[in-house]
Amino acid sequence: MATLETRDLHTHFGSVRAVDGVDLDVKNGEFIVLLGASGSGKTTLMRTIAGLEKPTSGEVYIGGRLANRLPPKTRNIAMVFQSYALYPHKTAYKNIAFPLQALRMPADKIRSRVTWAASLLSITHLLDRKPRALSGGERQRVALARALVREPAIFLMDEPLSNLDAKLRHSARRELKRLHRETGVTTIYVTHDQVEAMGLGERVAVMNAGRIEQIGAPLDIYRNPVNTFVAQFMGSPPMNLVLRSGTLIGFHAEDFFPRGRGPDYGDMEQLTFRVVQVEELGSEVLVYGYVAEDEREPPREVLATLPTALVSGYIAEGAEYPFEVPRHAIRRFDPATGLGKD
Amino acid sequence: MEDRTRVKQAGWRAATYAGIGLFTLFSAMPFYVMLITAFKRESDLYDPQNNPFWFTEPPTMANLDLLFGNTKFLTWLFNSFLIGALVVVITLVLVIPAAYSLARLAGRWGETLGIGIFLTYLVPPTLLFLPFAKVMAALGLQNSVWALIVAYPTFTVPFCTWLMLGFFKAIPRDIEEQAMIDGYGRLGAFIHAVLPLAIPGILTVIVFAFTLSTSEFIYALAFVQNSVEKTVSIGVPTELVRGDVFRWGSLLAGALLASIPVSILYTLFIDQFVAGLTALAK
Numbered sequence: 001m002a003t004l005e006t007r008d009l010h011t012h013f014g015s016v017r018a019v020d021g022v023d024l025d026v027k028n029g030e031f032i033v034l035l036g037a038s039g040s041g042k043t044t045l046m047r048t049i050a051g052l053e054k055p056t057s058g059e060v061y062i063g064g065r066l067a068n069r070l071p072p073k074t075r076n077i078a079m080v081f082q083s084y085a086l087y088p089h090k091t092a093y094k095n096i097a098f099p100l101q102a103l104r105m106p107a108d109k110i111r112s113r114v115t116w117a118a119s120l121l122s123i124t125h126l127l128d129r130k131p132r133a134l135s136g137g138e139r140q141r142v143a144l145a146r147a148l149v150r151e152p153a154i155f156l157m158d159e160p161l162s163n164l165d166a167k168l169r170h171s172a173r174r175e176l177k178r179l180h181r182e183t184g185v186t187t188i189y190v191t192h193d194q195v196e197a198m199g200l201g202e203r204v205a206v207m208n209a210g211r212i213e214q215i216g217a218p219l220d221i222y223r224n225p226v227n228t229f230v231a232q233f234m235g236s237p238p239m240n241l242v243l244r245s246g247t248l249i250g251f252h253a254e255d256f257f258p259r260g261r262g263p264d265y266g267d268m269e270q271l272t273f274r275v276v277q278v279e280e281l282g283s284e285v286l287v288y289g290y291v292a293e294d295e296r297e298p299p300r301e302v303l304a305t306l307p308t309a310l311v312s313g314y315i316a317e318g319a320e321y322p323f324e325v326p327r328h329a330i331r332r333f334d335p336a337t338g339l340g341k342d
Numbered sequence: 001m002e003d004r005t006r007v008k009q010a011g012w013r014a015a016t017y018a019g020i021g022l023f024t025l026f027s028a029m030p031f032y033v034m035l036i037t038a039f040k041r042e043s044d045l046y047d048p049q050n051n052p053f054w055f056t057e058p059p060t061m062a063n064l065d066l067l068f069g070n071t072k073f074l075t076w077l078f079n080s081f082l083i084g085a086l087v088v089v090i091t092l093v094l095v096i097p098a099a100y101s102l103a104r105l106a107g108r109w110g111e112t113l114g115i116g117i118f119l120t121y122l123v124p125p126t127l128l129f130l131p132f133a134k135v136m137a138a139l140g141l142q143n144s145v146w147a148l149i150v151a152y153p154t155f156t157v158p159f160c161t162w163l164m165l166g167f168f169k170a171i172p173r174d175i176e177e178q179a180m181i182d183g184y185g186r187l188g189a190f191i192h193a194v195l196p197l198a199i200p201g202i203l204t205v206i207v208f209a210f211t212l213s214t215s216e217f218i219y220a221l222a223f224v225q226n227s228v229e230k231t232v233s234i235g236v237p238t239e240l241v242r243g244d245v246f247r248w249g250s251l252l253a254g255a256l257l258a259s260i261p262v263s264i265l266y267t268l269f270i271d272q273f274v275a276g277l278t279a280l281a282k
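Read top to bottom, the protein sequences are chains A and B.
Per this note's numbering, residue 1 is the first one in the first sequence, and the count goes up by one each step.
Per this note's numbering, residue 1 is the first one in the second sequence, and the count goes up by one each step.
Hint data in this document are derived by calculation from the structure and do not stem from the laboratory.
Some clues are possibly wrong.
Unchecked claim - Straight-line Cα separation of at most 25 Å, SDA-like style, residue types lysine to any residue; simulated pairs:
hint: 1; chain 1: A; residue 1: K341; chain 2: A; residue 2: S283
hint: 2; chain 1: A; residue 1: K54; chain 2: B; residue 2: D3
hint: 3; chain 1: A; residue 1: K341; chain 2: A; residue 2: V275
hint: 4; chain 1: A; residue 1: K54; chain 2: B; residue 2: R186
hint: 5; chain 1: A; residue 1: K94; chain 2: B; residue 2: L187
hint: 6; chain 1: A; residue 1: K90; chain 2: A; residue 2: K27
hint: 7; chain 1: A; residue 1: K27; chain 2: A; residue 2: L243
hint: 8; chain 1: B; residue 1: K72; chain 2: B; residue 2: L187
hint: 9; chain 1: A; residue 1: K90; chain 2: B; residue 2: K72
hint: 10; chain 1: B; residue 1: K169; chain 2: A; residue 2: T183
Stated by the list, open to error - Short derived list, chain B residues pointing at chain A, Cβ under 7 Å:
hint: 11; residue: A28
hint: 12; residue: E42
hint: 13; residue: A170
hint: 14; residue: I175
hint: 15; residue: E177
hint: 16; residue: Q178
hint: 17; residue: D182
hint: 18; residue: G183
hint: 19; residue: Y184
hint: 20; residue: L187
hint: 21; residue: L195
Unchecked claim - Estimated spans, in silico, between C-beta atoms of each pair:
hint: 22; chain 1: B; residue 1: M29; chain 2: A; residue 2: A166; range: 56 to 66 Å
hint: 23; chain 1: B; residue 1: R173; chain 2: A; residue 2: S135; range: 19 to 29 Å
hint: 24; chain 1: B; residue 1: L268; chain 2: A; residue 2: S135; range: 55 to 65 Å
hint: 25; chain 1: A; residue 1: P71; chain 2: B; residue 2: L268; range: 38 to 48 Å
hint: 26; chain 1: A; residue 1: A166; chain 2: B; residue 2: S27; range: 49 to 59 Å
hint: 27; chain 1: A; residue 1: A309; chain 2: B; residue 2: R173; range: 33 to 43 Å
hint: 28; chain 1: B; residue 1: Y266; chain 2: A; residue 2: N68; range: 22 to 32 Å
hint: 29; chain 1: B; residue 1: L105; chain 2: A; residue 2: L103; range: 44 to 54 Å
hint: 30; chain 1: B; residue 1: R173; chain 2: A; residue 2: L339; range: 49 to 59 Å
hint: 31; chain 1: A; residue 1: L103; chain 2: B; residue 2: V93; range: 22 to 32 Å
hint: 32; chain 1: A; residue 1: L103; chain 2: B; residue 2: A85; range: 35 to 45 Å
hint: 33; chain 1: A; residue 1: D128; chain 2: B; residue 2: P172; range: 15 to 25 Å
hint: 34; chain 1: A; residue 1: R327; chain 2: B; residue 2: R173; range: 51 to 61 Å
No residue lacks a Cβ here, since even glycine has one placed at the ideal position from N, Cα and C.
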């Protein structure tokens with residue numbers, strides 16, 4: 001286990017500034033998620049931390065020690081690639097044992113470590129198989145076991161769930177959280193999926209164009225995005241943005257209610273909602289439309305997610321309704337810079 | 001319904017076996033002709049009334065006596081294998097690092113350079129043997145197997161570099177980087193993670209380099225005149241054809257004996273080779 005710091009870290013490829021000045025502080029044992037769209041620099045940042053890319057400038061400290069000049073093998077990190085990168089010519093057992101063999105650990109010690117990692121991930125029965133005889137989920141577990149087996153200082157994961165189907169992804173997410181609780185290894189997790197970021201991260205760093213736009217607890221970022229980029233990126237669905245009296249106001253779909261039908265917070269902002277489409281999903285209803293007060297040309301679509309019981313039979317497509325948002329749930333942004341105003 | 005599918009399956013199977021049978025006949029025919037001619041008397045061979053596929057006169061050992069008694073056939077065989085083996089070693093030593101660097105380190109230039117190197121393979125030996133003869137003379141290697149050991153890598157290396165380039169490119173970079181994170185340097189990662197996956201490619205290179213150098217004719221003809229320095233591919237046609245006299249029996253006996261070890265080598269490799277290729281594809 002170790003801390004990780006980066007100081008004004010830059011990694012450029014020619015004129016492309018893939019990582020463009022990142023300051024990151026990861027506490028011992030923390031689970032931090034780097035969230036961003038493809039091309040935002042999150043994978044390059046992780047590869048720079050791993051030592052697979054040389055930083056153009058800036059420093060990387062692992063456990064307080066400057067690691068810039070250390071090759072990947074001496075950084076005591078483990079990494080799970082998106083492709084899992086299992087050695088196809090080795091059995092699952094030999095794949096997991098590989099990092100220990102590199103350390104020239106005695107064979108009986110290797111056996112006990114591999115058994116420990118395999119039982120932690122419940123893959124003991126798969127150890128004799130080669131990767132091509134394993135399913136996607138099983139490969140992912142072997143890759144995780146291989147990463148855990150040498151007790152790394154830092155655990156790096158590059159979208160490890162993106163090759164799994166939706167159902168498996170859900171259970172794998174819970175499993176990752178359990179593993180982190182049990183091992184307590186400092187973990188840096190790269191993803192473009194906000195649901196993974198919200199569910200897994202103790203803290204989330206939202207990345208854009210090689211920089212960290214905002215870093216903090218997931219719910220805090222969700223509720224108080226520092227700018228419109230983060231507001232639009234974090235959360236599913238993203239925050240609604242409406243231009244009103246020269247200010248962009250942002251609010252989440254679940255805070256947008258028909259007047260008098262939602263919880264009464266007293267201090268409400270009133271808006272007229274022109275409904276375009278209604279989707280009834282069972283437990284909730286998605287209502288798409290436009291806010292009449294939106295001064296943008298053309299106005300941007302706004303979404304309300306409402307409990308079915310609240311609006312059943314009340315909302316019709318093509319009609320206008322008075323809606324309201326509690327003022328405490330509203331964030332204000334400067335429409336020119338996109339930066340938050342409060 | 002079931003009967004019809006069964007008939008259909010039987011038909012397919014029959015067609016498959018017929019195809020395989022024809023192909024086997026096609027491949028085995030040259031061996032059969034070589035084998036039978038090796039034991040035929042000249043009078044039997046040259047009489048157009050006789051069945052060419054069987055003995056009309058009793059078989060004879062005279063052809064083999066001539067081959068082993070009056071020529072340096074065993075020396076030629078040894079020379080061919082020595083040259084083949086050394087050329088394979090030289091080719092592997094040069095090709096593996098070259099192809100790996102072109103595949104990994106040189107970026108987009110790698111492929112262009114690889115194709116450039118391959119193009120030199122297309123310059124025919126008929127054009128090159130004249131300047132090469134001068135080079136060999138300058139090196140003092142004329143009339144020696146060493147001239148061939150030096151000359152043959154000039155065509156095996158370009159071709160095999162291009163071949164290995166493709167194999168190395170097919171190995172995901174992730175696997176190598178994973179090995180570097182798992183505790184190896186670039187060389188260690190190469191040896192432990194890349195090389196085992198490149199085995200089908202290495203086998204292909206061995207087979208190609210060996211075949212190309214044992215069957216080469218022009219350089220061997222141009223650089224070697226001394227009988228004890230000759231290879232099979234040049235010794236058999238030069239010493240068993242005198243003027244317009246063809247010693248067919250001994251000639252084909254020599255060809256047969258030289259081709260048996262090569263076919264065994266191929267048969268041994270082909271399984272590993274296909275297994276390796278399919279493993280890589282998954």
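Hints, verified against the model:
no.	hint	verdict
1	A:K341 with A:S283	35 Å, violated
2	A:K54 with B:D3	68 Å, violated
3	A:K341 with A:V275	29 Å, violated
4	A:K54 with B:R186	15 Å, holds
5	A:K94 with B:L187	20 Å, holds
6	A:K90 with A:K27	35 Å, violated
7	A:K27 with A:L243	39 Å, violated
8	B:K72 with B:L187	46 Å, violated
9	A:K90 with B:K72	48 Å, violated
10	B:K169 with A:T183	37 Å, violated
11	A28	35 Å, violated
12	E42	55 Å, violated
13	A170	11 Å, violated
14	I175	5 Å, holds
15	E177	5 Å, holds
16	Q178	4 Å, holds
17	D182	4 Å, holds
18	G183	3 Å, holds
19	Y184	6 Å, holds
20	L187	11 Å, violated
21	L195	10 Å, violated
22	B:M29 with A:A166: 56 to 66 Å	59 Å, holds
23	B:R173 with A:S135: 19 to 29 Å	24 Å, holds
24	B:L268 with A:S135: 55 to 65 Å	34 Å, violated
25	A:P71 with B:L268: 38 to 48 Å	40 Å, holds
26	A:A166 with B:S27: 49 to 59 Å	53 Å, holds
27	A:A309 with B:R173: 33 to 43 Å	53 Å, violated
28	B:Y266 with A:N68: 22 to 32 Å	52 Å, violated
29	B:L105 with A:L103: 44 to 54 Å	27 Å, violated
30	B:R173 with A:L339: 49 to 59 Å	39 Å, violated
31	A:L103 with B:V93: 22 to 32 Å	30 Å, holds
32	A:L103 with B:A85: 35 to 45 Å	38 Å, holds
33	A:D128 with B:P172: 15 to 25 Å	23 Å, holds
34	A:R327 with B:R173: 51 to 61 Å	53 Å, holds
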